[in-house]
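A.B. asks: Could you put together the complete structure from these sequences and hints?
FYI, the numbering for the sequence shown is 24 to 252, going by my numbering.
Any given hint could be a false lead.
[Claimed, not checked] Okay, derived cross-link-like pairs now, SDA-like style, lysine to any residue, Cα gap no bigger than 25 Å in a straight line: (1) Lys246 x Ala33; (2) Lys246 x Thr46; (3) Lys246 x Pro211.
If you are wondering where the hints come from, they were derived from the structure by calculation, not from laboratory data. Just so we're clear, the structure is a prediction, and the values are computed from it rather than from any experiment.
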Amino acid sequence: MADNIARVFADAIATDPARPLLTWYDDATGERTELSGATLANWVAKTANLLVDENALAPGDTAAVLLPPHWQTAAVLLGCWSAKLTVADTPGDVDVLFAAAGRIDEAGDWSAGERYALALDPFALPMREVPAGFADFVSAVRGHGDHFTPYPGGGEGDAALLARADVRATELCLTPGDRLLVDVTRHPDPVDWLLAPLTAGASLVACANLDPARLDPRTATEKVTRVLT
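C.D. replies: Next comes the structure, spelled out in structure tokens:
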């Protein structure tokens with residue numbers, strides 16, 4: 024059983040880093056963003072470097088991720104796991120906090136050393152107005168390196184998360200090369216929309232606010248082989 028999320032991610036993109044790994048849709052805004060494995064890996068590396076080089080965080084430190092499912096959320100989560108941070112489930116003291124612009128108020132329930140806000144802009148543009156007490160994630164992360172060497176072992180919670188992801192991948196009948204479409208509004212757990220397909224070697228079409236009328240044509244266009252709605 025795999026116990027290192029960073030290794031699972033690396034294995035998922037090793038065969039063909041240029042293939043689409045994560046395609047993001049939001050039917051409420053019309054957004055579509057497609058990331059290859061290599062592109063997502065660059066964002067993950069920049070995030071991990073931000074955590075380690077700029078914030079001097081170490082394995083076992085903690086992060087709060089107050090973000091909805093989104094391709095930038097995937098980069099933040101995988102970056103945290105690559106740096107062997109523990110992503111906390113309940114409010115409390117953490118070393119770093121990431122919050123979507125619409126969830127800044129929730130950050131008051133957490134005590135964090137560093138705080139980053141994300142606009143989740145379709146083109147990953149910086150925030151026009153950064154909330155007081157926060158740094159803009161996109162502006163901060165862009166200056167960091169595109170490569171990060173993950174630690175040899177997995178983080179504290181990696182094994183449990185990957186065990187759940189393996190079970191979920193089996194339930195969804197995912198196999199290497201599959202392309203999974205997930206309605207992330209109904210299935211916001213990253214085990215469903217991120218870790219299960221990565222564990223199985225599948226790629227992902229993540230859809231927020233999925234319009235049922237677009238499901239069949241999108242399944243055909245994106246060459247989807249499995250659906251979770």
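A.B. asks: Each hint should be assessed against the structure and marked as holding or not.
C.D. replies: Here's how the hints hold up against the structure:
1. Lys246 x Ala33: 23 Å, holds
2. Lys246 x Thr46: Cα-Cα ~12 Å, so holds.
3. Lys246 x Pro211: At roughly 22 Å apart (the allowed maximum being 25 Å), Pro211 and Lys246 satisfy the hint.
Going through the hint list in order, the structure satisfies each hint without exception.
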